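Participant: Chain by chain, the residues:
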Amino acid sequence: MADLFTPWVSLPEYVRATVWILIVTVALILSVAFTTLWERKVLGWIQLRKGPNRVGSFFGLFPGIFQPFADVIKLLLKEVVVPSASSKGLYRIAPAITLISAFAAWAVMPLDPNLVIADIDAGLLYLLSLTSVGVYGVILAGWATNSKYAFLGAMRSAAQVVAYEIAMGFALVGVVMAAGTLNLGDIVRAQEGGMGNWFFTWLFPLFLVYVIAGVAETNRAPFDVAEGESEIVAGFHVEYSGIAFALFFLAEYANMILISALTAVFFLGGWLSPFDGVLVADHPLAASGFHWLFLKLFFFLTCFIWYRATFPRYRYDQIMRLGWKVLIPVTLVWILVEVLLVWFGVGPWRK
Amino acid sequence: MFVELLFYGCSTILLAAALGVITSRNPVYSALCLVLAFITSATLWLLIEAEFLAIVLVLVYVGAVMVLFLFVVMMLDINVKEVKQGFKRYAWLGWVVSLIVIGQMIAVFYAKDFGIDATSGPVRNAAGYSNTRELGEVLYTQYVYPFELAAVLLLVAIVAAIALTMRRRPRLKPQDVAKQVAVRRGDRVRLVKDVGGEGGEDPR
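Protein chains in written order, with the numbering used here: chain G, 63 to 413; chain U, 1101 to 1304.
Think of the hints as simulated: they come from the structure by calculation, not from any bench. These numbers were taken from a predicted model, which means no experiment stands behind them. We put the CB at the ideal spot given by N, CA and C, even for glycine. Please note that the accuracy of each hint is not assured.
As the list claims (entries may be wrong) - Covered stretches of chain U (chain G as the covering partner; in silico rule of three or more C-beta atoms under 8 Å from a C-beta of chain G): (1) 1157-1164; (2) 1168-1176.
As the list claims (entries may be wrong) - In silico contact screen, one side only, chain G against chain U (beta carbon under 8 Å); selected entries: (3) I182; (4) D183; (5) Y188; (6) L190; (7) S191; (8) V197; (9) A225; (10) L244; (11) L402; (12) F406.
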C-alpha cells in the first residue's frame, strides 16, 4: 500500500484531480445505472411484483442485476429521430446541458474527510448556480422540439424550478447561518460531535423544506408535472429518442443522487458517524468515512422512489401554492427563530 | 500560459456572444447568446480571483433573471419584420450613442490621468483569503444602510409589480385549502330516513 501511495502523491496536482474526476464520474454513471434497477425493484416490491429479474444473475443471487446494461445497449442502438421542424442545434445541445450541470456539481461534494475534488470556499453558491443552469436543458429541449406538449412541459418546469429554488435557497441560508461557512466540507465539520449536533435537529423545518424542494427541483413524483404522462405525454422530452432520451434519464437520476447526497451533507452530517460520542472514541462504528455518507445518501434515494410509489401527482396550481405560500413562509419564520436562538445563545449556539 | 489561453478564449467567446445578442434574428437565440455572454464573463471574473461575484453572476443572472426572460420571450410570438420597421428611423440615434461609448472607452484607455497605466492592477491576496467573508464584512458594516435600502427598494418593486398585475375576477373560484380541510360530513351529506315504500323501490 505504502509503495503504491508514494508515486501517487508525487504526481502533479492536475493529474491527480483528473484521475479523481474520472473515478467520480464513472462511479456516478454506474450508480445511476443501478439506481434505475433499484427503483424498478423497489417499485415492484411496493406493488407486490418481482420487478426485473430476467437479465443476468450472480450464481442465482440478484436476478436482474444486468438489466441496466441491457437497457443502455437497447437505447444506444435505437435511432435518434430529430424532428424536422425543430431547432437542430439547440435540440442536440439541451440534453448535454442538463447532464453536464448534474455531473459538474459533484466537484465540490465532500465525499470523505480528506477527499473533495475542488475544495472551494464558495462551494454552496457554486452548487446553487449549477442547479439553476441545469433548468436550461429542460427549457431548451421543450422549446427546440417545436411541439406543443414539449413546450408546455418546459414552461411548467421553468416556473416550478424558479419557485422552489427560492425555498431551497432560504433553507440553505439557515444551514449557512448555523455553520458560518459556504464551504461544504466545513459545513460537515461544523456538525461534529454526535447526532445532536447534526443540523436536522435544530433546523428541522428547514430540513423538511429542503427535502420537499429537492424532490420538486429534480422533477420527480409527486412534482413531475413537467413530464406528466397523463396530460402532456412525456413533457419536455416527448420527441427525444434513443441515446438523447437516455441522457435526460441519466441527468434526472444523477440529480436525484446529488440531492440525496446534499441533504446528507447539509442536515445529517455527511461522512460523520451517528455513533460518534455514543460509543467509545476508537470503536470502528464511531469512525467517520465515506460509508456513512453512502448510507445516508442511499436512504434518501430510496425515499425518492418511495414517494413515487406513494403520492399521487400534484395539480399544477397546488404545486405553486405549496412552494410560494407554505414552504417560503416556513423558511422565513424559521430563519427568524434561528436568529433569536443565535442571539440568545440557545442550544448549539451556547457561548 | 494556461491562464492566457483561458483569457483570450473566453474573451473571444464573450465578444462573439455579445455580437450574437444584437445580430441574431430570433429573440430566443438572442437571449441564449446573452446567457453565454454572462457565463464567459463570469469565467473572466474567476481569472481575477473574484469568485464570489463570478458565481453570483451565474446564480442570479443566468439562473433566475434569464430563465424568466426566456420564459417571456418564448411565450411572445414576436414578429421580427414589424420590429425592424423602425430600424432606419432610429439608426442615427444608435450611431450617436455608440460614438459616445467608443469615445469614452478611448478616454479611459489613453488618458494619462486615469488610464490603465495610471492605476496598478489588483493586489493578489494570500491563498486563505475568502472573498465572501470580506464582501460580507463590508456590506454589513460600512455599507449597511445603502444595502438595506436597496433591499427594501427591491421588495417594494416586487409588491408593486404584483399589485399592478393582479386582477380580482369576481367569477373566479380559487381553491381554499383551509375551508376544504374544515369541512365536516354534516356539511355535505344528509342522511335521509324512511324514503319511499317497502324497500327495494327507487326513492326518487
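Participant: Would you pick out the hints that fail for this structure and give their numbers low to high?
Facilitator: 9, 11 and 12
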